[in-house]
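Fit chain Y to the given chain E structure using the hints.
From first to last, the protein sequence lines are chains E and Y.
Read in this note's numbering, the first sequence has 294 at position 281, and its numbers run on one by one without any break.
Read in this note's numbering, the second sequence has 243 at position 230, and its numbers run on one by one without any break.
These aren't lab readings, by the way, just hints derived from the structure by calculation.
Certain hints may be false.
Repeated chains share a single entry, so a pair holds when one copy, or any two copies, can fit it.
[Claimed, not checked] For lysine-lysine, the following BS3-like pairs were computed, each having C-alpha atoms within a straight-line distance of at most 27 angstroms:
(1) Lys25 <-> Lys119
(2) Lys321 <-> Lys300
(3) Lys52 <-> Lys25
(4) Lys268 <-> Lys381
The lines below spell out each chain.
There are 2 protein chains.
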Amino acid sequence: MRPNKATHQQTKIHNRDLVLKTIFDHDTVSRAEVARLTKLTRATVSEIVAHLISEGLVEEVGYGSSIGGKSPILLSLAANSRYLIGLNLAQDKFIGAVVNLRGEIKDLVEFPIHNLDGEQALQLVYQILDQLITKGYHPLIGIGIGTPGLVNTREGVVVNAVNLDWQNLPLAGLLEAHYNLPVSILNDSQATAIGEYVYGNDHQTDRNLIVVNVKHGIGAGILINGRLFQGDGGGAGEIGHVVVREDGKLCRCGKYGCLETIASAHAVVLRYDEMIQANPAIYSSLKDTQIDLAAIETAFQQGDPLAKQVIYEAGAALGASIANLIGVLNIKKIVLTGDMARFGEPWRQFVQTAMMQSSFSRLAENTKLEIGALDFRACILGASACMLLDDYSLLFHLPTE
Amino acid sequence: MRPNKATHQQTKIHNRDLVLKTIFDHDTVSRAEVARLTKLTRATVSEIVAHLISEGLVEEVGYGSSIGGKSPILLSLAANSRYLIGLNLAQDKFIGAVVNLRGEIKDLVEFPIHNLDGEQALQLVYQILDQLITKGYHPLIGIGIGTPGLVNTREGVVVNAVNLDWQNLPLAGLLEAHYNLPVSILNDSQATAIGEYVYGNDHQTDRNLIVVNVKHGIGAGILINGRLFQGDGGGAGEIGHVVVREDGKLCRCGKYGCLETIASAHAVVLRYDEMIQANPAIYSSLKDTQIDLAAIETAFQQGDPLAKQVIYEAGAALGASIANLIGVLNIKKIVLTGDMARFGEPWRQFVQTAMMQSSFSRLAENTKLEIGALDFRACILGASACMLLDDYSLLFHLPTE
Chain E
14 MRPNKATHQQ TKIHNRDLVL KTIFDHDTVS RAEVARLTKL TRATVSEIVA
64 HLISEGLVEE VGYGSSIGGK SPILLSLAAN SRYLIGLNLA QDKFIGAVVN
114 LRGEIKDLVE FPIHNLDGEQ ALQLVYQILD QLITKGYHPL IGIGIGTPGL
164 VNTREGVVVN AVNLDWQNLP LAGLLEAHYN LPVSILNDSQ ATAIGEYVYG
214 NDHQTDRNLI VVNVKHGIGA GILINGRLFQ GDGGGAGEIG HVVVREDGKL
264 CRCGKYGCLE TIASAHAVVL RYDEMIQANP AIYSSLKDTQ IDLAAIETAF
314 QQGDPLAKQV IYEAGAALGA SIANLIGVLN IKKIVLTGDM ARFGEPWRQF
364 VQTAMMQSSF SRLAENTKLE IGALDFRACI LGASACMLLD DYSLLFHLPT
414 E
Chain Y
14 MRPNKATHQQ TKIHNRDLVL KTIFDHDTVS RAEVARLTKL TRATVSEIVA
64 HLISEGLVEE VGYGSSIGGK SPILLSLAAN SRYLIGLNLA QDKFIGAVVN
114 LRGEIKDLVE FPIHNLDGEQ ALQLVYQILD QLITKGYHPL IGIGIGTPGL
164 VNTREGVVVN AVNLDWQNLP LAGLLEAHYN LPVSILNDSQ ATAIGEYVYG
214 NDHQTDRNLI VVNVKHGIGA GILINGRLFQ GDGGGAGEIG HVVVREDGKL
264 CRCGKYGCLE TIASAHAVVL RYDEMIQANP AIYSSLKDTQ IDLAAIETAF
314 QQGDPLAKQV IYEAGAALGA SIANLIGVLN IKKIVLTGDM ARFGEPWRQF
364 VQTAMMQSSF SRLAENTKLE IGALDFRACI LGASACMLLD DYSLLFHLPT
414 E
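The following block holds chain E by itself, in its conformation from the complex (with noise of 0.2 angstroms):
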């Protein structure tokens, strides 16, 4: 049940974006494909159409192929007469972007970050935004920011981040505040999904995904009908820190065996190290050298033994995990994003291959694993579409200057 009385203006509301959304959807398209896409009149089609014109966010391109008769006006998103911030802020360092309607990079700044607290950490969200709102793309019209840690994007508010040292902060009201513009705040992998959804591989299709994003840390970000399922406090996709050893290694939460211990790009290059200095007289390419991510994919495509030990272990674990993702949900396409997606394929099939066996296989059958298509541009496309997701109206009523 839809929660309030229809009115008038709902319905002119919803017309409005029912077109807006079939223009979104199509590269060109003429008013008659319109009208039979969204089964309303011609002339309410056109009427509609010619107030997107006027708004300026939609343009006439050229003409159509007809079958007999006039060729028909081809429509177009006009990609450049919005513009949106987007934020990542990762772990090693904080992305911003200024985006256009089409999901296009402008313009990009990027801090690499280490040992900031809370407070140099908003001064630097402070300064990216600053950096970027002077680039003088116009009209911009809102900001996204994809952070880790628990999120209540209703009210703005960062519950828990602790790489970045924040408790309850409430930075969608701080930015609002400063800058007069609506601010929207995800988790980061939840805006992860998002952008995969919008602007990855055409997604859209199913109306349901699962992205995983592993990185430092692992989280999920779970679309149902198009819209991105948050959960009750949040949360939804924190499977990082569900158990999966329980005589596991310690995890940043407090608990043991996480599965971030095992799985995320964290663990990896700590397990690295450790079975090297456990076991010096094994065949590592690594031994003399500083390790990091980067280096291990060096190792590992080189065909170190030692590495690809560490990245089957980590897509094991991460496959066994991704076998509750599909009991509790089925949903039949799972991406997988974030730094360990550098392994590539070969991960890939680790993580397939114990997902399957992990999995009910009448389920699994049907699930389709592939890597996300956008890296790092994921997170910031889906933190600064997810405002326009559900509610066209920040395209109608742009902030004055």
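Coordinates of chain Y only, in the frame set by chain E:
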């Protein structure tokens, strides 16, 4: 985005359903209160209520109290104005019932089953429905069935129910043709979840709910925003066949170490028997008894340490799996149902303790784990109610005789 244009007719139906839902949700309610809750005008509410009364769905049942002025007439759902049939095809018996619009069971039949083949199981379904239909409750508006196994609800097909020997059985189509009534088929755990949601302990205030049904097998039903979530293939909630112990026992699904092999009622009986056989010297009150779940329950209540151990192990494995549910969905209310619920609060505590140990603390702390209110009736009520949950049109287009 809603998928289709909004029309005047849709608005009318939407508003009618909104009024009806409001009356459903109250024992009694006045027209003025309905108008206040729905934000519809008094005139619209009066018009809709007149229609509902003429359809026999709503009754005027007396006068409410008034703060000065005329006492308002109270409206109530006419609980016995329509009937539904619900079936629960359980492991050891088939149960069928006639249910009214308030979820009250008016009549109930049950048949113990033992080693039925697929055709016999189907014939028994016909037999139960024949019996219930001849009880004379009128009008009957639909049949809902909860069955173990994987179900394609949209097509009304039981894809795979091992116990019943059904493969790709178009059960809804067969029954609709035979009885000329709409038929809905659901996985039994999904049906149970709907039953608990609609008729259990005030769960609807939460909109999201997980019900974990622990019987011969184990399955969950997930309600998201008040609607059953079935996943892409109908298998959402199939947590019983996720491998939780790689060196575990053979499961009926062909894998080893599925959750069902440790935490189900069936597993508990097998494990208890096995422990007695393996340790003849150990104390057990059931040494010379036929071991079934009822016997273990008695022993458990008498303090039999072996029974306690077995129930503890089963509960702990279930709790660890529920930690995964919390990590994936962060739904704050989880209800336990099924045969294992006979072990009551001690079992719930075993589950809860393991759940807390394996969960991300911040999410688990806000999760409430409780035992269901409706026992076997939840499946029957949910199966029958599911047809109405999203769409009240069944109430208005009555079957012709």
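field: Hints not upheld, ascending by number
entry: Number 1 only.
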